[in-house]
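> These are the residues of each chain, in order.
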Amino acid sequence: EAEVAQSPRYKITEKSQAVAFWCDPISGHATLYWYRQILGQGPELLVQFQDESVVDDSQLPKDRFSAERLKGVDSTLKIQPAELGDSAMYLCASSRRQGGDEQYFGPGTRLTVT
Amino acid sequence: QQQVKQSPQSLIVQKGGISIINCAYENTAFDYFPWYQQFPGKGPALLIAIRPDVSEKKEGRFTISFNKSAKQFSLHIMDSQPGDSATYFCAASKGTNAGKSTFGDGTTLTVKP
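So the protein lines, in turn, are chains W and R.
For the first sequence, my numbering gives the first residue as 1, with consecutive numbering after it.
For the second sequence, my numbering gives the first residue as 1, with consecutive numbering after it.
Keep in mind the hints are simulated off the structure, nothing from the lab.
Treat the numbers as computed from the prediction; the structure is a model and nothing was measured.
For every residue, glycine included, the Cβ atom is placed at its ideal position computed from N, Cα and C.
Do not take every clue at face value.
Selected chain W positions facing chain R (in silico; Cβ < 7 Å) [claimed, not checked]:
no.: 1; residue: PRO43
no.: 2; residue: GLY85
no.: 3; residue: ASP86
no.: 4; residue: SER87
no.: 5; residue: ALA88
no.: 6; residue: LEU91
no.: 7; residue: PHE105
Chain R stretches covered by chain W per the calculated footprint, using a threshold of three residues with CB under 8 Å from any CB of chain W [what the hints assert, rightly or not]:
no.: 8; stretch: 40-47
no.: 9; stretch: 103-110
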């Protein structure tokens, strides 16, 4: 069964350092999402891609966060500089198309900023 | 402003019992209401979803009840099993873009053997 792959699974970084997360969606899935899930809360959408284009990044803190999906396949989410409040689970999900389709989530990257 | 409120925060049920988790939403434009199941260390997985043109949807032991006038929907897990122990999230979105779902804060379900 195809799965969304994410790496690393865990990341500990110091405040003000740069950190990057990688996501490989299910093959053939045109839509890719990055979510942030703070402990005890539901996921919050950060950015949504349709192929290589950003569809929605309204909740992405653009002063420190960036995301790219250059070839419309895998994607990278970067934080620079990291802040203590960025400690959370970062989830990637993909779906075959933008509308009306089930999202498949990856296992997430647990980020701890010290 | 939290658009989707979920309760209870945690729930303990005996094996074989019925687990009920409730959600309430504010935005009447929402028209897609999924429930996700999340095990520790895993991402959420879609469990069951409903659109407001029906009041109930059943898949196996899982049932969604939907009350459009009250802007509420709930998940019922019949014959709860220890393997159902997980965190459950309700969500809501408008249009066909499920990716813009607003999630509840989750309910941690423990099913005791």
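> Next, verify each hint and record whether it holds.
Hint check results:
1. PRO43: holds, 5 Å
2. GLY85: violated, 18 Å
3. ASP86: This interface hint is violated because 19 Å lies over the 7 Å limit.
4. SER87: At 16 Å from the nearest chain R Cβ, SER87 (chain W) fails the 7 Å test, so the hint is violated.
5. ALA88: violated, 13 Å
6. LEU91: With Cβ-Cβ at 5 Å, under 7 Å, it holds.
7. PHE105: With Cβ-Cβ at 3 Å, under 7 Å, it holds.
8. 40-47: holds (count 6)
9. 103-110: It holds, with 4 qualifying residues against the three required.
Hints 2, 3, 4 and 5 from the list above are not met by this structure, while the remaining hints are.
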